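Student: Construct the entire structure; sequences and hints are all you get.
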Amino acid sequence: MINEGKGFNAKHFYELGREYIFCIGLICIMPVLLGTLETVLAYGADELMKSLANGGVYNPHNIWKDPISAMLDELMNGDITDIAVNGLDTLKWSLISGTVGSLFGVAYDYIMLLFLCTRYLILLLLEIISPIAIACLYNKDTRSSFYTWVKQMLGCYMLYPGFILASVFSDLIVTNYVLQRSWSVLLMVIFSFLLKLTMLGTVKATVNKWL
0 MINEGKGFNA KHFYELGREY IFCIGLICIM PVLLGTLETV LAYGADELMK
50 SLANGGVYNP HNIWKDPISA MLDELMNGDI TDIAVNGLDT LKWSLISGTV
100 GSLFGVAYDY IMLLFLCTRY LILLLLEIIS PIAIACLYNK DTRSSFYTWV
150 KQMLGCYMLY PGFILASVFS DLIVTNYVLQ RSWSVLLMVI FSFLLKLTML
200 GTVKATVNKW L
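Using numbering that gives the first Met the number 0, the first residue of the sequence shown is number 0, and each one after it goes up by one.
Hints in this document: simulated from the structure, not taken from any laboratory.
Keep in mind that this is a model prediction, so the values were computed, not measured.
Be careful, since some hints might not be right.
Restricting the straight-line Cα-Cα distance to at most 25 Å, the calculated cross-link-like pairs of lysine-lysine (DSS-like) are [as the list claims (entries may be wrong)]: (1) Lys49 / Lys91; (2) Lys150 / Lys139; (3) Lys150 / Lys203; (4) Lys49 / Lys64; (5) Lys208 / Lys150.
Tutor: In structure tokens form, the structure reads like this:
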């Protein structure tokens with residue numbers, strides 16, 4: 000700001016002050032911007048799920064309830080004569096099928112929640128370091144760190160709609176194709192779980208590759 004023999008440099012002082020004010024302002028409004036964006040994404044996801052359920056497309060929260068309940072009812076209502084004729088192996092297989100099918104049915108419903116939890120953890124870590132990342136704008140040598148942080152934030156926010164789309168797409172495949180097959184319920188629910196897991200994993204891998 001004070002050059003040798005030239006005194007006070009007002010232009011340099013103005014440019015430096017402008018950068019400080021911009022960075023401080025960005026640090027102050029960043030939590031509001033991120034919170035608003037997160038609210039909008041959550042609202043959009045909720046409305047999409049409600050429209051699918053209310054429109055009769057399918058119930059995203061109850062895809063496997065009826066098939067697995069029917070399988071368990073059939074197991075519980077089995078005639079003792081069938082067990083006597085077919086042996087205990089049939090009973091054991093039915094119990095295993097019912098247990099495994101129930102576990103995979105629950106896993107299918109909650110697998111996206113696990114992916115979203117990891118996404119929220121990443122977002123929380125990025126928000127914690129946001130003041131440091133923004134402060135990197137002060138210096139040209141550290142400015143690339145800020146751009147890297149912004150890129151990571153964009154990727155993290157891309158994961159939310161990506162996971163929703165992958166989940167809805169897999170649900171539609173299960174509802175309109177898998178459940179219409181003549182497969183056993185156990186085979187259908189395991190296949191559907193692997194399908195949804197693959198789609199969610201593809202979204203995460205694609206975003207990570209882009210980053």
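Student: All hints, please: hold or fail.
Tutor: Structure-based check of all given hints:
no.	hint	in the structure
1	Lys49 / Lys91	40 Å, violated
2	Lys150 / Lys139	18 Å, holds
3	Lys150 / Lys203	15 Å, holds
4	Lys49 / Lys64	18 Å, holds
5	Lys208 / Lys150	12 Å, holds
Of the numbered hints stated above, the single one contradicted by the structure is hint 1.
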